[in-house]
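Engineer: Each chain is listed here by its residues.
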Amino acid sequence: MTDATRLTALHQAALLRAGHASSRDLAAAHLDGAERENHALNAWLVIDRQGALEQADAADARIAAARAEGPAALARLHPLAGVPIALKDLVSVRGGQATAGSRILEGYRAPYDAHITERLKDAGAVILGKTNMDEFAMGSSTEHSAYGPTANPWALDRVPGGSSGGSAASVAAYHAPISIGTDTGGSIRQPAALCGIVGLKPTYGRVSRYGIIAFASSLDQVGPFARDTRDAAALLHAVAGRDERDSTSAPIPVPDRWLSLPGPAEAAASLKGRRLGLPREYFVDGMEPGVEARVREAVRALEDAGAIVEEVSLPHTEYGLATYYIVAPAEASANLARYDGVRFGPRLGDGDVLANYLATRGQGFGPEVKRRIMLGTYALSAGYYDAFYLKAQKVRTLIKADFDALWAQGFDALVAPTTSGVAFRFGAKMADPVAMYLSDACTLPVNMAGLPGMSIPCGLSEGLPVGLQLIGAPWAETGLFELACGYEAITADAPWRAQEPSALALAADPATPTPRQRAAAPGAGLAG
Amino acid sequence: MAILSRSDVEHVAHLARLGLTAAELDRLEGQLNHILDQYAILARLDTEHIPPTAQTIELESILRDDVVIPSLPVEAVLLNAPAHEGGFIVVPPVLGGE
Chain A
0 MTDATRLTAL
10 HQAALLRAGH
20 ASSRDLAAAH
30 LDGAERENHA
40 LNAWLVIDRQ
50 GALEQADAAD
60 ARIAAARAEG
70 PAALARLHPL
80 AGVPIALKDL
90 VSVRGGQATA
100 GSRILEGYRA
110 PYDAHITERL
120 KDAGAVILGK
130 TNMDEFAMGS
140 STEHSAYGPT
150 ANPWALDRVP
160 GGSSGGSAAS
170 VAAYHAPISI
180 GTDTGGSIRQ
190 PAALCGIVGL
200 KPTYGRVSRY
210 GIIAFASSLD
220 QVGPFARDTR
230 DAAALLHAVA
240 GRDERDSTSA
250 PIPVPDRWLS
260 LPGPAEAAAS
270 LKGRRLGLPR
280 EYFVDGMEPG
290 VEARVREAVR
300 ALEDAGAIVE
310 EVSLPHTEYG
320 LATYYIVAPA
330 EASANLARYD
340 GVRFGPRLGD
350 GDVLANYLAT
360 RGQGFGPEVK
370 RRIMLGTYAL
380 SAGYYDAFYL
390 KAQKVRTLIK
400 ADFDALWAQG
410 FDALVAPTTS
420 GVAFRFGAKM
430 ADPVAMYLSD
440 ACTLPVNMAG
450 LPGMSIPCGL
460 SEGLPVGLQL
470 IGAPWAETGL
480 FELACGYEAI
490 TADAPWRAQE
500 PSALALAADP
510 ATPTPRQRAA
520 APGAGLAG
Chain B
0 MAILSRSDVE
10 HVAHLARLGL
20 TAAELDRLEG
30 QLNHILDQYA
40 ILARLDTEHI
50 PPTAQTIELE
60 SILRDDVVIP
70 SLPVEAVLLN
80 APAHEGGFIV
90 VPPVLGGE
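Protein chains in written order, with numbering that gives the first Met the number 0: chain A, 0 to 527; chain B, 0 to 97.
To be clear, the hints were calculated from the coordinates, so they are not data collected in a lab. Since this is a predicted model, take the numbers as computed values, not measurements. Be aware that one or more of the hints could be misleading.
Covered stretches of chain A (chain B as the covering partner; in silico rule of three or more C-beta atoms under 8 Å from a C-beta of chain B) [as the list claims (entries may be wrong)]:
#1 23-35
#2 42-52
#3 138-151
#4 194-207
#5 385-391
The beta-carbon is built from N, C-alpha and C at its ideal position, and this holds for glycine as well.
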């Protein structure tokens with residue numbers, strides 16, 4: 000067998016069904032890679048070899064039983080049965096850790112499964128472990144993890160993006176074919192772009208947030224990472240849909256089309272006549288020329304395939320950053336009030352309840368989380384609520400209306416850069432919070448409007464991946480998948496598609512420094 | 000332009016129940032003011048007649064069926080408690096002490 004870790008999830012599933020591979024062998028191959036390279040990447044906070052192999056054995060038994068029963072039973076198996084997967088360390092898996100990248104949840108064990116964990120277990124997917132992330136998903140580089148930064152598999156002195164940096168890096172490094180992330184302002188799409196993989200933030204309400212540690216409840220969505228669109232669609236299909244335990248999860252049907260997306264010829268042909276908007280505000284000042292070039296080449300390729308591309312305007316884009324950095328911290332400051340050292344997690348201090356709160360929260364949270372809690376508390380405090388929070392909610396209406404106007408004009412989707420630059424070096428944005436926040440300028444308006452957004456690889460700039468962002472109307476994930484499949488089909492032979500992340504060999508060398516050592520090196524100074 | 004004074008920062012830290020060191024308060028005063036400066040752009044927009052958006056999907060209020068469903072077992076909840084006794088979580092003193 001060729002190296003199974005290079006195959007897509009659905010290709011691995013086909014091998015399992017055909018009896019050409021066992022889930023145990025697949026899990027072991029991925030675990031070997033993760034264990035070999037994690038010292039250099041720090042993508043994983045937990046590599047659960049024993050638990051994964053037990054799940055794999057159970058999946059092998061299911062597949063064997065289905066095979067014995069006949070072709071119909073084999074066809075009824077879930078597409079992800081026996082397929083390895085990584086979960087961001089804010090997804091609850093009963094009995095396991097869920098740190099959300101924070102010291103304040105050190106030692107916490109999830110007493111129940113998240114909705115998506117239940118769904119993945121029912122499907123027979125094999126959970127290999129938990130991935131690194133910015134603390135409470137607040138950050139764009141994974142440098143704000145309390146457990147050290149994650150390195151980018153394309154360049155070990157650069158960030159993988161964030162907050163779901165570990166989930167993105169693990170898939171880019173072939174430690175798992177698919178993984179789960181969350182996206183509040185770009186935390187799936189931005190790391191997908193920086194690591195050269197596919198990432199999708201679904202429509203708000205598409206996936207239940209039950210059992211997912213909350214950051215900003217009106218913005219958070221759970222979504223897939225994968226190395227191609229079909230895998231991303233299959234994973235979203237596995238976890239999407241109404242769940243009674245999350246009242247914001249919507250009773251909207253999950254299309255089976257996601258499991259039977261068009262083949263290359265049909266997908267390429269379907270680009271003809273698709274009406275795509277190119278929002279001019281997303282080509283921001285200071286955009287790296289190589290990134291702009293790749294994005295414009297991708298747009299031209301879509302046009303050459305028959306898509307109708309028109310420049311459009313989203314006039315309130317420039318207000319997105321300020322609006323987001325009021326709304327998200329405000330919601331976070333409320334959500335994070337629960338970390339008080341009373342019911343779970345470490346309890347610091349030995350005084351009365353107030354002294355314990357101050358000590359537990361003061362020492363348990365890292366600098367970025369404290370900044371956001373401070374911002375949010377201020378924006379919600381007496382006398383400032385109208386000026387900040389209410390004002391931001393009103394501007395949110397205008398940002399959403401910009402998009403609504405384009406859907407009303409009949410656009411099928413918008414195409415834009417995911418980020419204005421490629422993966423940056425450790426420390427480059429740690430001294431200035433605003434510089435870090437600007438990393439998400441092209442992704443956060445999509446969360447403000449609750450829309451589905453996807454990042455797909457569209458080439459390299461200076462040897463580092465560039466992402467093309469596709470934005471759809473509410474519940475229009477199918478159209479994004481078809482568009483992405485079409486783009487994959489028309490660029491299937493592009494040389495950059497054949498290129499593996501350039502630092503993987505280095506990551507496998509035991510002498511390679513850890514990301515923490517690199518980030519602490521002179522010139523990469525990590526500031527609070 | 001400084002919007003927040005050092006004592007404002009201390010007050011917000013108290014509201015947020017964050018015990019911060021003097022060095023942290025110093026750093027936050029500068030950083031928060033720098034971030035608040037970015038908010039100034041919003042003043043350019045006239046939003047007097049714009050309704051606020053708190054949620055983006057238009058769902059009717061959804062109520063679940065009025066049936067009893069099991070909660071987490073007490074033992075599972077207590078497993079994470081820093082201190083517990085007799086099936087209850089021990090909470091630090093809330094009243095008294097001064």
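Engineer: Hint by hint, note whether the structure agrees.
Structural biologist: Hints and how they fare:
1. For the segment 23-35 of chain A, the proposed coverage by chain B is not satisfied: 0 residues have a C-beta within less than 8 Å of a C-beta in that chain, short of the threshold of three.
2. Figure legend: the segment 42-52 of chain A, annotated as covered by chain B; annotation inconsistent (0 residues with Cβ-Cβ distances under 8 Å, at least 3 required).
3. Given a C-beta distance limit of less than 8 Å, the hint that chain B covers the segment 138-151 of chain A is violated, as 0 residues qualify and 3 are needed.
4. As drawn, the segment 194-207 of chain A meets chain B at 3 residues by the rule of a beta-carbon pair under 8 Å; at three or more, the given contact holds.
5. Coverage of a stretch by a chain is defined here by at least three residues with a beta carbon nearer than 8 Å to that chain's beta carbons; for the segment 385-391 of chain A and chain B the count is 4, and the condition holds.
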